[in-house]
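Trainee: Sequence:
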Amino acid sequence: MLERFAKCALISALALAAFGCAGAKVAVPTGFPVPQVSKVPLPVGLYLDEALLSYVHRESLEQRGDWEIELGSAQQPMFDNLLSGLFIGHRRVLQLGGAHDDIAGVLAPSIEELQFSIPEQTRSEYYEVWIRYRFELHANDGEKLGQWDLTAYGKAHQQNHAGASAALRSAALVACRDAMAFFTQQFGKVPVVQTWLSSELGGSA
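For my numbering, count along the sequence shown from 1 and bump the result up by 1.
Derived from the structure by calculation, the hints contain no laboratory data.
Owing to the predicted nature of the structure, the values given are computational and were not obtained by experimental measurement.
Each residue gets a CB set at the ideal place from its N, CA and C atoms; glycine is no exception.
Label pairs and their computed distance ranges (CB to CB):
#1 T152 with P30: 19 to 25 Å
#2 S200 with E121: 47 to 53 Å
#3 R178 with R135: 14 to 20 Å
#4 I89 with E60: 39 to 45 Å
#5 E69 with V35: 27 to 33 Å
Below, a list of computed lysine to aspartate or glutamate pairs in the EDC-like style, where the Cα atoms sit at most 16 Å apart:
#6 K26 with E60
#7 K156 with D179
#8 K26 with D67
#9 K156 with E121
#10 K190 with E137
Work out the full structure: start from the sequences and follow the hints.
Mentor: What follows is the structure in structure tokens.
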């Protein structure tokens, strides 16, 4: 009986260890809202480089397995919807240099850093994701006017999701949507943006 109990305990322990070391591999969903705000009366360009469109964060956690968060495929729909809500028009541009007479400027986002945590690390019930974006603003002749950073945050309660993958995916999606909301709220308050808007709109911004 004791031998049988010991075997069962060992099997259970190994199963738990394997589960804890499994990690997760997730891709962020591509469904994003369009901001419902007063639009800036200017058309803009959107430059998305290959590093952003193929962005993947990979990390190995000691005794917690390998983790992967794929953000790249979500970036184009995310920024298309964001700019659709903020400006009267936008289009993709393939390079930052050169003149673009049909637009007032070009926005070029990038992901500078991604961090995440799991409940076992923080002794909480949440999966958490932080994303630090950098935005460059270029004039329509290609000149770089300035840049600014934006940090977004998302979390997901583990009990609301069926496993680590679903919870981490949800936290990453919330972080992307937080970036959209924060950008929408803060865009007109960024000094370089204020100067650009004043120049393009003749002081009516």
